[in-house]
Each structure stands twice: as C-alpha cells, then as structure tokens.
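Chains as they are written, first to last, in my numbering: chain H, 1 to 226; chain A, 227 to 452.
I should point out that these hints are in silico values taken from the structure, not numbers from a laboratory. One thing to keep in mind: the hints can contain errors.
Below, simulated BS3-like cross-link-like pairs (lysine-lysine); rule was C-alpha separation at most 25 Å, straight line [unchecked claim]:
(1) H:K174 x A:K400
(2) H:K167 x H:K115
(3) A:K281 x H:K174
(4) H:K55 x H:K123
(5) H:K202 x A:K281
(6) H:K174 x A:K341
(7) A:K341 x A:K400
(8) A:K400 x A:K281
(9) H:K167 x A:K281
(10) A:K393 x H:K167
(11) H:K115 x A:K393
Ranges between beta-carbon positions, derived for each pair [what the hints assert, rightly or not]:
(12) A:V230 x H:A162: 47 to 53 Å
(13) H:E10 x A:A294: 20 to 26 Å
(14) H:R69 x A:S389: 45 to 51 Å
(15) A:F231 x H:E110: 57 to 63 Å
(16) A:E280 x H:A68: 27 to 33 Å
(17) H:S163 x A:E402: 16 to 22 Å
(18) H:A162 x A:H370: 42 to 48 Å
(19) H:E54 x A:S396: 35 to 41 Å
Derived, one-sided and incomplete: chain A residues facing chain H with beta-carbon distance under 10 Å [unchecked claim]:
(20) I290
(21) Q328
(22) A409
(23) L411
Everything numeric in this text was worked out from a predicted model, so none of it was measured. All C-beta atoms, glycine included, are put in the ideal place defined by N, C-alpha and C.
In case you want the letters, here they are:
Number of protein chains: 2
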Amino acid sequence: MREVFHQSLEDVQSRLVEIAELVTVAIDKATRAFESSDVALAEEVIEADDIIDEKAIALDELAIEILARQQPVARDLRIVVSALRISASLERMGDIAEHIAQLTRMRFPERAIPKGLKSTFTKMGQLDVEIAHTLTELLRTEDHALADKIRNADDGLDELHASVFEKVLSDSWKGEASATVDATLASRYLERFGDHAVSVTKKVIYLSTGDWTTATDAIDIVVSGG
Amino acid sequence: MREVFHQSLEDVQSRLVEIAELVTVAIDKATRAFESSDVALAEEVIEADDIIDEKAIALDELAIEILARQQPVARDLRIVVSALRISASLERMGDIAEHIAQLTRMRFPERAIPKGLKSTFTKMGQLDVEIAHTLTELLRTEDHALADKIRNADDGLDELHASVFEKVLSDSWKGEASATVDATLASRYLERFGDHAVSVTKKVIYLSTGDWTTATDAIDIVVSGG
Numbered sequence: 001m002r003e004v005f006h007q008s009l010e011d012v013q014s015r016l017v018e019i020a021e022l023v024t025v026a027i028d029k030a031t032r033a034f035e036s037s038d039v040a041l042a043e044e045v046i047e048a049d050d051i052i053d054e055k056a057i058a059l060d061e062l063a064i065e066i067l068a069r070q071q072p073v074a075r076d077l078r079i080v081v082s083a084l085r086i087s088a089s090l091e092r093m094g095d096i097a098e099h100i101a102q103l104t105r106m107r108f109p110e111r112a113i114p115k116g117l118k119s120t121f122t123k124m125g126q127l128d129v130e131i132a133h134t135l136t137e138l139l140r141t142e143d144h145a146l147a148d149k150i151r152n153a154d155d156g157l158d159e160l161h162a163s164v165f166e167k168v169l170s171d172s173w174k175g176e177a178s179a180t181v182d183a184t185l186a187s188r189y190l191e192r193f194g195d196h197a198v199s200v201t202k203k204v205i206y207l208s209t210g211d212w213t214t215a216t217d218a219i220d221i222v223v224s225g226g
Numbered sequence: 227m228r229e230v231f232h233q234s235l236e237d238v239q240s241r242l243v244e245i246a247e248l249v250t251v252a253i254d255k256a257t258r259a260f261e262s263s264d265v266a267l268a269e270e271v272i273e274a275d276d277i278i279d280e281k282a283i284a285l286d287e288l289a290i291e292i293l294a295r296q297q298p299v300a301r302d303l304r305i306v307v308s309a310l311r312i313s314a315s316l317e318r319m320g321d322i323a324e325h326i327a328q329l330t331r332m333r334f335p336e337r338a339i340p341k342g343l344k345s346t347f348t349k350m351g352q353l354d355v356e357i358a359h360t361l362t363e364l365l366r367t368e369d370h371a372l373a374d375k376i377r378n379a380d381d382g383l384d385e386l387h388a389s390v391f392e393k394v395l396s397d398s399w400k401g402e403a404s405a406t407v408d409a410t411l412a413s414r415y416l417e418r419f420g421d422h423a424v425s426v427t428k429k430v431i432y433l434s435t436g437d438w439t440t441a442t443d444a445i446d447i448v449v450s451g452g
C-alpha cells in the first residue's frame, strides 16, 4: 500500500513538472510572438492553452482520488494539497501566456509592442521564460536555492514593470492611446507571471516544511538578502 | 464522529461566507473610493486585505486538518477540496479590491477615474458589488439559480470592459497617457473580479454535482440561454 501511495505521489510530481514544461513553452512562444508580431505563433499558444487546462483538471482529479483512496496524513497530505494549489497557479500562468498571445493577435498586422519599449519588453519576456524554466527545475528537484533565483528574477520584473509606467507617463511619451493600452496590459501580464511563480515557490517551500510562516520567512530572507 | 464532521463542514461553509462578506465590503468601498477619489476609504480597503488573506489561510489550515483527522470521502471530500479552491478565488477577489484602492491612492489628489468614463466605471463597480453580494448568497444557500444572476452580471461587465477600450481607442478620446493607463487597469481589474466570481460559481456547482463537466455545461447553458 505504501508503495502504491509513493508511486501516486511521484505521478503527481511528474505531472506538475509536465504542466510547468508546457507553461514554459507557452510563455516562450507568447513572448517571442509578441516581440515579432508573429500571429501564427500566437495562435499556437492560444490553442495549446486548452491542453494546459485539461492537464490541470486531470491532476486535480488524481489528487482528489489519492485523498479518497489513500487518505494520506502529515507530509503526504500536504504534498497532495500543495499539488492542488500549484496546479491552479500553473494554470493561471498558462492563461497569462494566452493573454499575451491574444494581445499580439488583436493588434496584428500592427505591432503590439510599443515603440521605445522594445528592449524593456524583450527583457521582461526573457525573465518570464527564465522564471518558468527555473520553476520547472524547482518542482523537479525541490532545490530551495532555486527559489532565490526566481525571487531575484521577479524583482527584476517589478523594476521593469515600474519603468514601463515611468516611460508611458513621461512627457517624452508620444505613443497613441492604443500603444499606451498595449504597454499597460502587456507589462501587467508579464509582471503577474512572475508573481504567480513566486506564489508557487512559497507552496513548494510550504510543502517541504509544512509551515506557511517558514515559507513566507524564507521568501523574506531571500528578498532582504538579495 | 459523523456529528463532529458535519459541524466541521458547517464551520468551513460559514467561514467561506464570512470571507465572501469581507470581499463584498472591500469591493464596495474600493469602487466608491475610486469614484470619489476618497483616499481614506481606499486606505481602509488596503489595510483590511490582510484580514481576508489571514482568514483564507486559516480556512485552508482547517480544511487540511479535516482531511487529516476525518479523512472524508465522496461528496464530503469534494466539499473540503472545493473550499480550498473557493478560498483561493475569494482571496484573489480581495486582492483586486486592493488593487483598485491602490490605483485611487496612487493618483490622489487627482481623480483616478478618467473623464468621459465615469458612468461606465460606476456601472462596472455596481455590477462587481452585486456579484459579490450574490456570490455570498450562493455560498450560503447553494441555490444554483443565483449562478445565473452572477453569469449575467459578468456578461454585463464584459460588455462594459469592451466599451472602455472602444472609447479609449476612438478618435474622440482626448485623455492623457495617465488617464489611458488608469482606464485600462481599472477596467481590467473590475472585469477580472467577475471572472473570479464565475469561477467560484463553477466550483459551487462542482461541489453539488461532483462533476466538472456538468459544472461547465451548466455555465454554458446559462451563457447561451441568457
């Protein structure tokens, strides 16, 4: 019975990693499509989001089945509950990739990326992809040092997000309203992607320690230390 | 033992209702603060969000404790798992109220609400408050007819959200970039609030039927029927 249970938990973990990999592909394609106004690539992201959603639902059903059949306690129970929470965050990260792809498609054949902000959005996109990669590794290895990397990348995103608003609200900004709308939405999406990753990071720490306070402290230490 | 268990489930439900009530107060104050540039009211919302977050975490801990001690199965298990999901959505609805309050504070003493969009934002705010009220009732009564009301209000929000972009992107729009940014963010927040409520609605239906497909179909019927 324990053997069966541990196989189930490994199944849960490998499915989380699989979803995180799909989210990584989605954000990579979405940010590249946004940069190059590649509407075909954007369509791929929009279509593939259904697969992420289905896999998240299937994982939730598996978690519920494990709870019902194997009635885990203590750390095992926390792993299953954390999996439910993590899958919800990953699913929302996939939604964000889809939103960025929709923005690209909406503006096509014009560029969604506003003039004067190209390098900022390129950096934000790279940070999101790096975060998604690191998060996948964190889920695979549970190596807490990776939380540091995610948090630092998220801090970088927050700074870039603030710089977008600084630019848009400055006197030198000559963009039309549509460019302002696009910059506002895209920057918000790219920044939120990082927030969700940090939220998953907390859940992974919680999973290891079983304590939200420790999870939050660990994050705070990372923040103040970095 | 069953008696204790059912008391626990009632406790879970009454706590969900309590959080939904706090979210209702938050969105009511946040949208009024946004309309009237009332920074003191906005501050209240920002401060009170910590209470919502704490209550959501406490509810999650209670749900985990119930899973560990009472090892529910079948419908009882689904109620507990749904509670975890619903609390996460309510917590995010509270965050949205806080974001709207932060927008108000950021622009103070200027008005965050852009000229020419006042009546649109007033309507969106009223729909959000109505949705929060109805959601609280749905959680209290599990009356599925209320799902219809929430879905209709959310459709109204979607239309108003689209009309904000139409206005901002029209030739007649003379707003500065800051007004465009505020309109974009505020409209997005107000519209997302409705999405989260619809998502809770699906979870409540799932809770009663134990089937995501039915939950999704029920929503679809509401959509195509209304």
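Evaluated hints:
For the hint linking K174 (chain H) to K400 (chain A), the alpha-carbon distance of about 13 Å falls within 25 Å, and the restraint holds. Taking the CA atoms of K167 (chain H) and K115 (chain H), the gap is about 11 Å. The hint holds against a cut of 25 Å. Between K281 (chain A) and K174 (chain H), the direct Cα distance comes to roughly 45 Å. Violation of the 25 Å bound is thereby established for this hinted pair. Simply put, K55 (chain H) and K123 (chain H) have alpha-carbon atoms about 29 Å apart, too far for the 25 Å limit, and the pair is violated.
A threshold of 25 Å between alpha carbons decides the hint, and for K202 (chain H) with K281 (chain A) the separation of about 18 Å falls inside it, so the pair holds. Between K174 (chain H) and K341 (chain A), the direct Cα distance comes to roughly 20 Å. Compliance with the 25 Å bound is thereby established for this hinted pair. Pair hint K341 (chain A) plus K400 (chain A) holds up; C-alpha atoms about 9 Å apart against a cutoff of 25 Å. The hinted pair formed by K400 (chain A) and K281 (chain A) fails the criterion: a straight-line CA distance of about 44 Å is larger than 25 Å.
Taking the CA atoms of K167 (chain H) and K281 (chain A), the gap is near 38 Å; set against the 25 Å cutoff, the hint is violated. Of the supplied pair hints, the one linking K393 (chain A) and K167 (chain H) holds, its CA atoms being roughly 23 Å apart against a limit of 25 Å. Distance hint between K115 (chain H) and K393 (chain A) is fulfilled; the C-alpha atoms sit about 22 Å from each other, no more than 25 Å. Against the hinted window of 47 to 53 Å, the Cβ-Cβ separation of V230 (chain A) and A162 (chain H) comes to about 51 Å, which satisfies the hint.
Range check, E10 (chain H) to A294 (chain A): about 21 Å between beta-carbon atoms, so the 20 to 26 Å window is met. Distance hint check: the CB atoms of R69 (chain H) and S389 (chain A) are about 50 Å apart, consistent with the given range 45 to 51 Å. Range check, F231 (chain A) to E110 (chain H): Cβ separation about 59 Å, and the 57 to 63 Å hint holds. The hinted window of 27 to 33 Å between E280 (chain A) and A68 (chain H) holds, with their beta carbons roughly 30 Å apart.
The hinted range of 16 to 22 Å is satisfied by S163 (chain H) and E402 (chain A), whose Cβ atoms lie roughly 19 Å apart. Distance hint check: the CB atoms of A162 (chain H) and H370 (chain A) are about 44 Å apart, consistent with the given range 42 to 48 Å. With their beta carbons about 39 Å apart, E54 (chain H) and S396 (chain A) fall inside the hinted range of 35 to 41 Å. For I290 (chain A), the interface hint holds, since its Cβ comes within 10 Å of a Cβ in chain H; the closest pair sits about 6 Å apart.
Using the Cβ-Cβ criterion of 10 Å, the hint placing Q328 (chain A) at the interface with chain H is not satisfied: the shortest such distance is roughly 13 Å. For A409 (chain A), the suggested interface contact is upheld, since its CB lies about 8 Å from the closest CB of chain H, less than 10 Å. Of the supplied interface hints, the one on L411 (chain A) holds, with its beta-carbon coming within about 6 Å of a beta-carbon of chain H, less than 10 Å.
Of the hints listed earlier, those the structure fails to meet are numbers 3, 4, 8, 9 and 21, in rising order.
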